[in-house]
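If you want the building blocks of each chain, they are given just below.
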Amino acid sequence: MNHSTTAGHHQITHDNATVTGLRWIIGTLLITLPAFQKAVIKTKARSAGFISWVGIQSNLKYNLRKTKIDLLHIGATSEGTMDHIEILGSVELLEGITPAELQTISLICKEISYNNGDVITQQGESGEDLYIVLDGFVEVLHSGTAPEQSPRTIVHLGKGQIFGEMALVDHGPRSATVRAASDPTKVLVIHCDDFEQECEKNHHLGYVVMRNIAADLSFKLRHRHFADR
Amino acid sequence: MPSIYKVSYVVPGEDHPGAILNSGTPPHKGDVISLGSSDFEVIEVFDLVPPRGDFHYLHATLVRTSEKP
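For the protein sequence lines, the chains are A and B, in the order given. Numbering-wise, the first sequence is residues 565 to 793 according to the numbering used here. Numbering-wise, the second sequence is residues 586 to 654 according to the numbering used here.
Just chain B, same shape as in the assembly (with noise of 0.2 Å):
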């Protein structure tokens, strides 16, 4: 089984409540991603706690980069 990255996504400084959820592939620092009407810059990634079975539990900082028109 391919491995899942459940992912603690959080924007510090901000009213943004931030999101969890699975993906096939870890996010890495510099990546831009998006959560509903904005994107954001992932500016930190690190291991949340040790992984388990096929998941991982990994936590990234992220940063606004633009609010979506």
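Excised from the complex, chain A in its bound form (with noise of 0.2 Å):
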């Protein structure tokens, strides 16, 4: 009885010792866990070059539960879709979604790279894609309605610029003709459909694209008011 209390007291104390132990180990992860994780995140980031993507983190404060989601989709996650992560991160069409956000769209993007010269789109052609810049410039050429007048150029547009959105919104002809203008022009498509079928599935994200599609539509007006003057 004695052994057996003694056993149990014991067992007790052993319990009691067991979750305080516990206790202590989940309460110091609970405390330096994120701050790891970010590190964590950091080295890995910082190893692919993915300091924008870290910037997001750091200032959307996650809780433990999210990040732990966000490290897993980091383990998930191929380096080809982290590159695209990279660069969507920096990408004004996407400014203001979250990583997963980021993360969904990345894997709809297919990368493709043209020569100088090379015709992306063409005005009055049906188009279904939307175009991100990655690396070089793209020319913006627009024909009169005179069948004797010759293409003009509107813009140059460099990293980070979005051509094809008005597919996205009105789903028309092509209103200009984009063409690569240095050697190598890389760029990043995604095809309307998909991007309209994620934007239906989440609202949030449907919403941050479309606002941000008026501010860079809106931006691309005022260029052209101040280019004209």
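Incorrect hints may appear among the rest.
What the hints assert, rightly or not - Lysine-lysine pairs mimicking BS3-like chemistry, simulated, CA-CA at most 25 Å apart:
#1 A:674 / A:765
#2 B:614 / A:723
#3 A:765 / A:723
#4 A:784 / B:614
#5 A:723 / A:674
Unchecked claim - Pair ranges (Cβ atoms, derived):
#6 A:771 / B:634: 11 to 21 Å
#7 A:755 / B:617: 37 to 47 Å
#8 A:664 / B:628: 42 to 52 Å
#9 B:648 / A:690: 19 to 29 Å
Think of the hints as simulated: they come from the structure by calculation, not from any bench. Every residue, glycine too, gets a C-beta built ideally from N, C-alpha and C.
Mind docking these for me? Both chains are given alone in their own frames, and the hints should help you get the complex.
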């Protein structure tokens, strides 16, 4: 009985010690894990050059659960997608979306490289893709209504700029011809149906993207206003 | 996340269409930048619209300084 009690007492003591120990470990983890996770994220990010993505992480002050999910995302993501996440994180079109949403978009992107002079979109033709300039420049040309009128360059778009976004908004024909103006010119292509599907599934994503498209069109109009002075 | 500067470059009085691009640093008066085959000097910089998130929206006026060979 005594033995049993003692054993029981010991067991209880042991259990208490275990519980106390576990509490201490969990408590320590709760305090240090976010910092540790940030450090891991930072190390992984640095190694791949994803400082901008880390910036988003630290700005959003995730709770522990969210941070765990993001770590899982990092582990599950291919290098190619990580490259795209880094680039997409610095694109105005996606400014304001969460890292998880950023990853969703990265999964529907593909990278294409063009040579100087290659036509990417042709004015008047139907188009179902949205483009983001990754590297180099593209030249945006517009032809007037008169057949003899030669196309006029409206603007050059560099890194981080989008084009083809009107197809996403109105599904109309291409309003301008866009051709590569550097060798090479790299772009990310997103099919509008895929993009719309994601926006329909996630209305926050849809709202942010549409707001940013409106802001981008507004910026381009302001640029034209100054260019035409 | 570091700031990103979306800059509208315009060359007044010329046929050059200008350019829009993102940069990690803002342009400053006196900077020389290359657009295609030409170099331009920045003579004016101002905020086109207020910043939003990490993005700053700038306008820069340019004058041609040289034509590249």
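Taking the hints in turn, this is what the structure says about them:
1. A:674 / A:765: Measuring from Cα to Cα gives roughly 21 Å; hence the hint holds.
2. B:614 / A:723: Holds, at about 22 Å.
3. A:765 / A:723: Since the Cα atoms of residue 765 (chain A) and residue 723 (chain A) sit roughly 29 Å apart, the hinted pair is violated (cutoff 25 Å).
4. A:784 / B:614: The given pair, whose Cα atoms are some 22 Å apart, holds under the 25 Å limit.
5. A:723 / A:674: 16 Å, holds
6. A:771 / B:634: 11 to 21 Å: Holds, at about 19 Å.
7. A:755 / B:617: 37 to 47 Å: 40 Å, holds
8. A:664 / B:628: 42 to 52 Å: 44 Å, holds
9. B:648 / A:690: 19 to 29 Å: The hint (19 to 29 Å, Cβ to Cβ) is violated, given that residue 648 (chain B) and residue 690 (chain A) are roughly 40 Å apart.
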